[in-house]
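Peer 1: Sequence:
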Amino acid sequence: MKSRYYEAELAYLREQGREFARAYPATAGLLAERSDDPDVERLLEGFAFLSSRVRERIDDSIPELAHQLAGVLVPQLTRFIPPVAILQFNPDTRALRTAAVVPRGSQVAGNGARDVRCLFQTTAALELLPLSLLEVRSERPSSRTEKLILRLAAPDHAAAVVGAHRIRLHCHGETPTAMTLRAWFLRHCTEIAVVENGVVRGTVRPDIAAVGFDAETRLLPERALEHDAFTHAAELFACPQKFAFVDLPPLGSLMTPSCELHLTFDRPPKLPRAPGSQDLRLHCVPVINLFPCSADPVRFRPLQPEAIVRPAEHGPTDAEVYEIRSVMGVNGAQRTPYQSFTAFRSGHDANARYYVSRRVPSVTDAGTDVYLSLASPRDAHPIAESEILSAELLCTNRLLAPALKLGDISRPVRGAPTMAPFTNITAVSTPLYPNDNVELLWRLGAHLGLSRAGLQDPANLRRLLEVYNFAERQNPSLGRANGQWIDAIREVQTRKAVRLVRGAPVTGTKTIVVLDEANFSATGEAVIFGDILNEVFARRVHINSFNQLTVQLAPSRTEYSWVPRYGDKTIL
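So for the sequence shown, my numbering puts the first residue at 967; every next one is plus one.
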């Protein structure tokens, strides 16, 4: 519950109560008096607290309907984004005989306030290669080209192992620098040469891949019917560093124990300073503050409409429920599973039991609390009084995780295959919550009402993206930066295009989005924003069609184009 409701009700009770007493002294005269009795003050404050809850429920505009409907139709509208950081591993390259894989979902930990352990999990699989990046330096061979030189080292026995794998690099640093460096690799690299002792051993095709757009690298657990493009938008607006990764192509037999990669870039955008070793990192992966946890047992009493769900073995301010994974009723030796009311199986089984979850702002901090209620298709009482509910949860550490500093996430978790020392090289982000219940139903309607043609209106496109700028309230500086990116959309132009697909002509759309480059701190930010726009347009394509996006920066008229797409498929 928001404190403004309580403060407004208490102020009304004291100030307007005095005025009411003056108007009706015979029946309400005592309202004009102030009392120093703590019991009287406690009574007034308790009444204000209860009435403020009623007022908030009225203003919420039936939040159960809004949340359940949005959770089914547009799940990404209702999920908050937990704290995120970038983790770097430091493997012993001499001990590695092959590439060691840290699986997606591996747990790591850091000590938060009050010695509470904050648990994180990796959001992508990470290959630990027997490879070290010793130095990064830059040269400028001509007025239109730049060159990055990466000095690599690998044990004698491991050169062939490294050569068989892609090399994942993290572009580290402030968002403008990291995203511009990412754009260098993805958009402007024309040659990758392997040099040993000043002699070019050979070149590899500059087939550098972007990272962060597939299901195996997403920050949040996948849900049915979730629109990946808007999930990517929410992730970018919450943690741009998640996309600051590139995969270099395998070097094959050109890899040696001591060599240099000479990468040539044609007309790359300017960087604030010359890149150095601090700007490119090996063995990095995003981590998110999510961990499985059981709930405290819940017993429903007669006439009790709902019960709060608390993570077991955690204080009220130490953990927050991200989602309910399962609910089981326990009555002696009998076990009864409860299904989510929004599951598509609802109504098929006349004897099935269902649970409904509701998320509300917490009364103690900036986090949220989750309440559980029960239902059955025929309105029969869904639970015996002796039955106890057990729930499995996915949780976060509330506001403890963002208080961690650089280097604090460094503790392995028993049973987790971490394989090497690690530490966080970025600060932990603040949890970002979606918009208030008051706005949710309207935003849901606006979201569903936007047809493919609706995105051709720049105002509609801006409004759609604004829905996923969760940082507006919890992180105003990041929210303003995201808002600048969204407001950069000036025009959306469409043209008919025809491509051959498997020998047959297919009619599609060429979309040109004009962006005001003054709204971006660096060109690389416009490029990653274009990547998100490409996902949005490609995933709203009609059947037997495609979309090809071009982003034009104004006033420089610099253009970046993407390959034609329909859904997650490309047309070459």
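It is possible that part of the hints are untrue.
Unchecked claim - With a cut-off of at most 25 Å between alpha-carbon atoms, the simulated SDA-like pairs for lysine to any residue come out as follows:
| id | residue 1 | residue 2 |
| --- | --- | --- |
| 1 | Lys1535 | Pro1172 |
| 2 | Lys1371 | Lys1462 |
| 3 | Lys1371 | Tyr1399 |
| 4 | Lys1462 | Tyr1399 |
| 5 | Lys1476 | Gln1440 |
| 6 | Lys1462 | Glu1432 |
| 7 | Lys1113 | Ser1243 |
| 8 | Lys1113 | Thr1143 |
| 9 | Lys1535 | Asn1163 |
| 10 | Lys1476 | Arg1439 |
| 11 | Lys1371 | Ala1079 |
Claimed, not checked - Per label pair, the in silico range of CB-to-CB distance:
| id | residue 1 | residue 2 | range |
| --- | --- | --- | --- |
| 12 | Thr1536 | Arg1060 | 35 to 43 Å |
| 13 | Val1329 | Ser1376 | 32 to 40 Å |
| 14 | Pro1442 | Ala1341 | 19 to 27 Å |
| 15 | Arg1070 | Leu1100 | 26 to 34 Å |
| 16 | Pro1258 | Asp1423 | 55 to 63 Å |
| 17 | Arg1060 | Lys1462 | 54 to 62 Å |
| 18 | Ser969 | Asp1213 | 28 to 36 Å |
| 19 | Thr1536 | Ala977 | 53 to 61 Å |
| 20 | Ala989 | Thr1334 | 35 to 43 Å |
| 21 | Leu1010 | Ser1352 | 38 to 46 Å |
| 22 | Asp1213 | Leu1466 | 42 to 50 Å |
Honestly, the hints are just simulated from the structure, not real lab data. These numbers were taken from a predicted model, which means no experiment stands behind them. C-beta atoms are modelled at their ideal positions from N, C-alpha and C, and glycine is treated no differently.
Peer 1: Does the Cβ-Cβ separation between Thr1536 and Arg1060 fall within 35 to 43 Å?
Peer 2: Cβ of Thr1536 to Cβ of Arg1060: about 41 Å, so the range 35 to 43 Å holds.
Peer 1: I want to verify a distance hint. Is the separation of the beta carbons of Pro1442 and Ala1341 within 19 to 27 Å?
Peer 2: violated (39 Å)
Peer 1: Using the beta carbons of Pro1258 and Asp1423, state whether their distance is inside 55 to 63 Å or not.
Peer 2: violated (43 Å)
Peer 1: Does the alpha-carbon distance linking Lys1113 and Ser1243 stay inside the 25 Å limit?
Peer 2: Distance ~14 Å between Lys1113 and Ser1243 Cα, so the pair holds.
Peer 1: Are Lys1462 and Tyr1399 close enough, with their CA atoms no more than 25 Å apart?
Peer 2: Measuring from Cα to Cα gives roughly 39 Å; hence the hint is violated.
Peer 1: If I claimed the Cβ atoms of Arg1060 and Lys1462 lie 54 to 62 Å apart, would that claim hold in this structure?
Peer 2: Roughly 59 Å apart at Cβ, these two residues keep to the hinted range, so it holds.
Peer 1: Do the alpha carbons of Lys1476 and Gln1440 lie within 25 Å of each other, as the hint requires?
Peer 2: Outside the cut-off at roughly 37 Å; violated.
Peer 1: Just to be careful, I want the Cα atoms of Lys1371 and Ala1079 compared with a cutoff of 25 Å; is the pair within it?
Peer 2: holds (11 Å)
Peer 1: For Lys1462 and Glu1432, compute the direct alpha-carbon distance and say whether it is at most 25 Å.
Peer 2: Judged against 25 Å, a Cα distance of about 28 Å means the pair is violated.
Peer 1: Holds or violated: the 42 to 50 Å window for the beta-carbon distance between Asp1213 and Leu1466?
Peer 2: violated (29 Å)
Peer 1: Indicate whether the distance between the beta carbons of Thr1536 and Ala977 respects the range 53 to 61 Å.
Peer 2: With a Cβ separation near 60 Å, Thr1536 and Ala977 satisfy 53 to 61 Å, so the hint holds.
Peer 1: Holds or violated: Lys1371 with Lys1462, Cα cutoff 25 Å?
Peer 2: Given that 25 Å is the threshold and the Cα spacing comes to 52 Å, the pair is violated.
The structure fails to meet hints 2, 4, 5, 6, 9, 10, 14, 16, 18, 22 from the earlier list, while all remaining hints are met.
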